[in-house]
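All chains, full assembly: derive it from the sequences and hints.
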Amino acid sequence: GRHADRTLVSDASGAYTGRELFLTAAALARDLGPVTDRPERIAVLASPGLAYVASMLAVWMRGAMFVPLCPEHPPAEMAYVLDDADVDVVVVDERLASLLPATSRRTVTAMCTLPCATPARASHAGLSPPRLRWLLSNR
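Numbering of the sequence shown is given in my numbering, commencing with residue 461 and proceeding in unit increments.
In case anyone wonders, no lab produced these hints; they're calculated from the structure. Warning: the hint list may mix true and false statements.
Claimed, not checked - Simulated restraints on C-beta separations:
(1) Thr467 <-> His533: 26 to 34 Å
(2) Glu532 <-> Asp497: 32 to 40 Å
(3) Ala464 <-> Ala536: 41 to 49 Å
(4) Ser564 <-> Cys530: 19 to 27 Å
(5) Ala472 <-> Ser558: 32 to 40 Å
(6) Gly523 <-> Gly461: 16 to 24 Å
Built from N, CA and C at the ideal position, the CB exists for glycine as well.
Encoded structure:
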């Protein structure tokens, strides 16, 4: 599209184009596994930036409900939100994983990989691989 090569997200790690954002979100949506018959509720605990925006888009790509978690809230409040929203999966930024309360829900950890800090303007020559790698793990 017309925004594929434009910077759409900037964070401390760099600037990311629409193409990079789409590829990252699509990779997470795929890695979350097959879409279930019942409406999914997927919580996201991430700092503002690529991990947060890509996670939100991935949830929507799956047709799931997005449940944001705030890293500034105490663990008890996050646990309440997870239970009250009947969350199926939690996507958590690796840097914030220690803030997530213990849960029996499936957890997907977003882990930045090199060249995570490379600015988008250096990657205009075609499809770049996603900037984030998703590690599926149960906590």
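Hint-by-hint comparison with the structure:
{"no.": "1", "hint": "Thr467 <-> His533: 26 to 34 Å", "result": "30 Å, holds"}
{"no.": "2", "hint": "Glu532 <-> Asp497: 32 to 40 Å", "result": "35 Å, holds"}
{"no.": "3", "hint": "Ala464 <-> Ala536: 41 to 49 Å", "result": "42 Å, holds"}
{"no.": "4", "hint": "Ser564 <-> Cys530: 19 to 27 Å", "result": "21 Å, holds"}
{"no.": "5", "hint": "Ala472 <-> Ser558: 32 to 40 Å", "result": "19 Å, violated"}
{"no.": "6", "hint": "Gly523 <-> Gly461: 16 to 24 Å", "result": "21 Å, holds"}
Going through the hint list in order, the structure does not satisfy hint 5, though it satisfies all others.
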